[in-house]
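**Q** One letter stands for each residue in the lines below.
Number of protein chains: 2
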Amino acid sequence: MTAWVRLLRSQQRIFKTVEGRLKQAGLPPLVWYDVLLELERSGDAGLRQRDIQRHTLLERYNVSRLVDRLEGAGLATRRPAADDGRGAVVTISPAGVAMRQAMWPVYEGAVADEVSAKLNDAELKILSGLLERL
Amino acid sequence: MTAWVRLLRSQQRIFKTVEGRLKQAGLPPLVWYDVLLELERSGDAGLRQRDIQRHTLLERYNVSRLVDRLEGAGLATRRPAADDGRGAVVTISPAGVAMRQAMWPVYEGAVADEVSAKLNDAELKILSGLLERL
DNA sequence: GCCATATTGTTGCAAGTGCAACATTATGTG
DNA sequence: CACATAATGTTGCACTTGCAACAATATGGC
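In the order they appear, the protein sequences are chains A and B. Take 3 as the starting number for the first sequence in this note's numbering and just add one per residue. Take 3 as the starting number for the second sequence in this note's numbering and just add one per residue.
Keep in mind that the hints were calculated from the coordinates and are not lab data. All the given hints hold, so there is nothing to weed out.
Mimicking SDA-like on lysine to any residue, the simulated pairs with C-alpha atoms at most 20 Å apart in a straight line are: (1) A:127 / B:126; (2) B:127 / A:3; (3) B:18 / A:58; (4) A:18 / B:7; (5) A:18 / A:32; (6) B:18 / A:3; (7) A:127 / B:124; (8) B:18 / A:55; (9) A:120 / B:10; (10) A:18 / A:107; (11) A:120 / B:4; (12) B:18 / A:64; (13) A:25 / A:75; (14) A:18 / B:63; (15) B:127 / A:131; (16) A:120 / B:7; (17) A:127 / B:131.
From a predicted model like this one, the values you see are computed outputs, not experimental measurements.
Please model the complete structure; the sequences and the hints are all you need to start from.
**A** In structure tokens form, the structure reads like this:
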């Protein structure tokens, strides 16, 4: 229980710091980064919304709305899936790639300050290994 | 960065599980537990809202509203602070104590399944020690 | 092929959260 | 004491999220 409470608190604190820095830099929230990164990795093939859902732990309806916002911001586009009349395929736009790149140094800097600066490489490796099993 | 992403994901996943179980049991969300526990610890003396804020990482306005809800649910009471005309002192009610006690086994059970079952005692100690430094 | 069931995605509504502005009281500095 | 500044808490508004219901298509069993 102690471990869990610390996991909870440290994540909340660091998450807030990261979000705060992104906002201060006039950038969108962290979850946009995750989705943009996955979209970028999937290239021209794009991603089904359900795949975004699986990767980000978002609910279906939140993926739906987040993609709405990404589309609205010109960072991604939706097109009907060729092989599945229900779903849509989402692909990143050049502006989306640019946005992810703009977010990266801010994100990376915050994590460097809040995580990398507080534990050495060996410790981070141990932490990483333990968290993977959760 | 790997460590951070795993910290983020594992916390999100476990947090969702805990919240889901509480909801399924007809109980309020996890943050209520945190606040009720702190109030219970503070006994009849109660707590200032700013102290709740510090302990839970909530924003001031969210503390204000959460206390509204606790009061509305009959789990806590607010009275003006004797030595500070601005603030209020929050105390837990018997129903609040009962609610915290009702939440505990559900909370504990979820953490047992999601955390304790996946790492042994020595590993939990190491994890705990590392997270404390974040 | 037909029909029950599952999967994928969307949306109206209620509830929670962030932001900025505000009211009120404390604190400190001259 | 007077006044600028800080601290505490609240609230209107916009935005986000959860829930439940829904529409549309896919899948599997007969």
